[in-house]
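A.B. asks: Residue numbers (this note's numbering), protein chains in the order written: chain A, 442 to 682; chain B, -15 to 317.
Hint data in this document are derived by calculation from the structure and do not stem from the laboratory.
Dumping the calculated SDA-like pairs for lysine to any residue here, alpha-carbon to alpha-carbon at most 25 Å:
1) A:K616 with B:V202
2) A:K616 with B:Q215
3) B:K277 with A:E530
4) A:K616 with B:P232
5) B:K277 with A:N528
6) A:K616 with B:V217
7) A:K616 with B:E209
8) A:K616 with B:P216
9) B:K277 with B:Y293
10) B:K210 with A:P619
11) B:K47 with B:E64
12) A:K616 with B:P233
13) A:K616 with B:E236
14) B:K277 with A:T533
15) A:K616 with B:M178
16) A:K616 with B:T181
17) B:K277 with A:E527
18) B:K277 with B:S168
19) A:K616 with B:A234
20) B:K47 with B:P89
21) A:K616 with B:E218
22) B:K47 with B:E(-10)
23) A:K616 with B:P197
24) A:K538 with A:N506
As the structure is a computational prediction, the values presented were derived from the model and not from experiment.
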Amino acid sequence: MNGDVTHHPESNTGLAGGRVLHSAEDAPTISMIGTRAMLFEAPGAFTMAQQRRIWALIEEAGSRNDVQELIPGVTNLMLVFSAPPENPERITNWLLKAWETLPERHIEGRLFEIGVRYGGALGEDLGRVAEHAGLTPDEVIAIHHANDYTVCAIGSAPGFGYLHGLDPRIATPRKSVPSLNMLAGTVTIGGMQAGISALTGPNGWNSIGFTEISLFDPAREPPALFAIGDRIRFHPESIEL
Amino acid sequence: MITILETSPLNTVQDLGRPGYRNLGVGSSGVMDSLALQVGNILLDNDADAAGIELQTYPFALKFDEPLSFAVTGIDAAIELDGRMLLPWSVATAEAGQVLRIGQPRQGARGYICFSGGVDVPVILGSRSTQLRGGFGGLAGRFLEEGDILRARLGEMLTTGYAALPPSVALRFDAVEEKAGVISLRAIPATDYMLFTDTARERFWSCEWRITPQSNRVGYRLTGEKLELHQPVELRSYGIVPGIIQVPPAGEPIVQMADANTAGGYPRIATVIESDLWRLAQARIGSRIRFQKCSHEQGVAAMQPVEAYLESLRQMVARYSHSINRRQGGGKK
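Okay, chain B solo, but in the shape it has when bound (with noise of 0.2 Å):
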């Protein structure tokens, strides 16, 4: 069991979220930063669709009631065990009554605190994700409260001391635009591109976009440069999924992000490519983002170092446990 020491509202039980019933108007929620949460199930030889709890608000401190082994993943932040400093992105183990507090992070901004065998929550509609509109999923369809108490599904224990390098250090890809402080993320044009005036089309690429304290896990808000219609429209409404980018009426876009509603009217311009959302995730209010002209195929392949670095993360961790369990003179408990 783990109790919910400290935390302010927006802290929820995540997972990789509820594909399948947008149909029904039910959007995927799930952690907004994907691969924060699969490192973290991946160093703790979970299951892929073990959940966690994603931070956006700090401090966050909680108390391990029995012996756990986690991982804090997704930020750089004091991360201390008992006023034990950790390391980030790495696998720890609790003793029972012990504490865990995390402080606001010098990178990033949503953290993930893993657990082995991840969350255990009432799978609602294929999922463990919390659904807030909707009231349902993750615990009591809530944010996290002080006092609440969680329990993580039987896992193994793991012996301390392995770590993955950040993605944020793996998967650089526009070292040059990180260096200026603005982040890159690639973007295919979308259905109506065109029905943008050419100024906003070339706007839209080469403008640095802020992004506004309204931007939250349904959507962030960006503030730049107007983007124009050639003439106004009113579309029907059509489906959406997270990285669709949106510019309503006022001319500022929204990108829509994890929580967003499964459909809308606005125009499309664009969409930010799945292997980049995590970037997007990770950014925090105020932050400057620049959108990159992107292919069908260079989207498709910007997913292969993703895949290649959880698959060498994959590996390393079977290879650990391996040597562990020889040491322990036994297999898997």
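If we strip away everything but chain A, and leave its shape as in the complex, we get (with noise of 0.2 Å):
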């Protein structure tokens, strides 16, 4: 259930007509975002082949002229353009075609080790993950610091890294009703996503434990901290159950 998109096909009527575009389930998903911002999505699961080859789009699409920003996600990216596009479709076939023909990009990114005091106030929902995943919170610790984590996208907040390389076994989905104000540095799972919170304030995703880590200074060059393909690797500093 996790991190799936839900294709329907019944709605292939274009975009022109503010509609989406959907097809077969191994194509990707463009709609439009307001007249301005269009949204590729790559079909499939949450992999880092896929996370490559949209790395490749932005690669990509970053040469188009008419592109004003650019915004990775997890497995999709975000094309802002700098006039609204009189016709969208002839960017949306450019794109189709770039998916199909881009090899994966590959970023060697640098490893940064992570400390994490897992549980405790600041990492109040390790219960919760735990009772989701039907797993004793060690558990859940151990499976949380046993592999390393790629840094796929940088957004929502300033500096903040969605992380691929969450164990299937821990995804949570995100909470319905937010945390007001989770602290900065807290060691987040939002469905089959990984994090670590860059700011202090409200936020979805189930908390398990904490870590001192300034993620962004708008004074540093590049701003923030990790970029896409860094790798992450957390160790256990304490465990407060």
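Two chains, two frames, some hints: make the complex.
C.D. replies: Printed below as a string of structure tokens:
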């Protein structure tokens, strides 16, 4: 259930009518967001192979002179145009062709080793994650730091990295009522995605721990600590159940 | 120099926004009503990227420490310069020491004080806008406070006495609903539109939505009838632009605005078109709104009256300053 975009082929009526272009199960979904943004969503599961194809698409789309901004997401890419495109279908076709022909883009990222204080008040959703997984909190923690993660995209808040590599056993849906004031540095799970919150504020992801890290500084060059392709290895600094 | 004499939280320095950093998670920020700032800057013959003060709470007062031309746009309110009433959407020039006071708006929600030359704060990541979540941009990345001192960049000294027709008059498009006190917003169905039930889709367009008090520069939470999906979905995080209307599991929509996160994960039912976002920016808490279904072509076409309005204003200002200069027997100083 987690992560899979539901396809609905009955709405394949083209973009200009404000509809969404859906096609076969294994084809991308492309939709307009208002008049000036287009969202490209890769088909299939949240895999690094698909994300590397998104990275390739970022590079290719970045060469278009009608693009003002590219917002990489998790197996998706939003193109924000400098002016509303007259003919969205033309861009749709360009994207589909690029998607079919581009090879995966491998990025040799840096490795960050990050100590986590698991559980306690700053990881208060650990119990919820364990319950959803049918595991003990200890098992959730062990699974969480067993694998390396890859930064797929930066977004949501300044410097926040969406991480791939979460073991599906501990994937947990976002909360229906967000926490109002989750601290920056909270280690989180949102569906099939993992992360470290970049700013203090409302957050719908499940908190399982905390780390002290500054993910963004506008005076730093580059301002974001993480870049796409970087790898993250968590290790427990402490565990409080 | 300008000294802030009276303010409550939520008032910030903003320009047209900070595009180009969403790939680092930095949202656009910028004014909620970009039309009002553009009008102010055109009236003052400023660069398009000049920053102004965005007001969300009133009363607000500032003192001019040196002569400066300015315009207040976005709202209709009691605007007083040393007790003398001024019209919104018009150019005035203050003497050193004069105090500008702005009371509760009679119409609109967000007022803009634009200064000749624009507010001079450092450009951070390409913009002077306040990025509240990131704590940078504008004045130290925060709300304005009493005692704050702002500088205007060197601009023209202008003569007082010309004004713009407010956009709410010039760009009225649905007089029937406006008369009934309902704000019409055109919106284009978005990615997850078909994931909603037939009833939900029908309700979305027919329902009158009320803007709840949980509405701010990040987004407007609306209340009305519940919008249900065929089945629950857990979406992967995707990019967000202002105007996108998401529906969290509780079933009541949120319209993302200028301070929106750059990515989100709730299903998207539609997007308010860019040329109507200023109407939403000026809608107060408690206002009723209705969404009108619109196509891509209609959404693109809706930009034309806005562009034409701004262009005619530019021409009016150019003609006016030309004739002033001729009367004064010189070029621009």
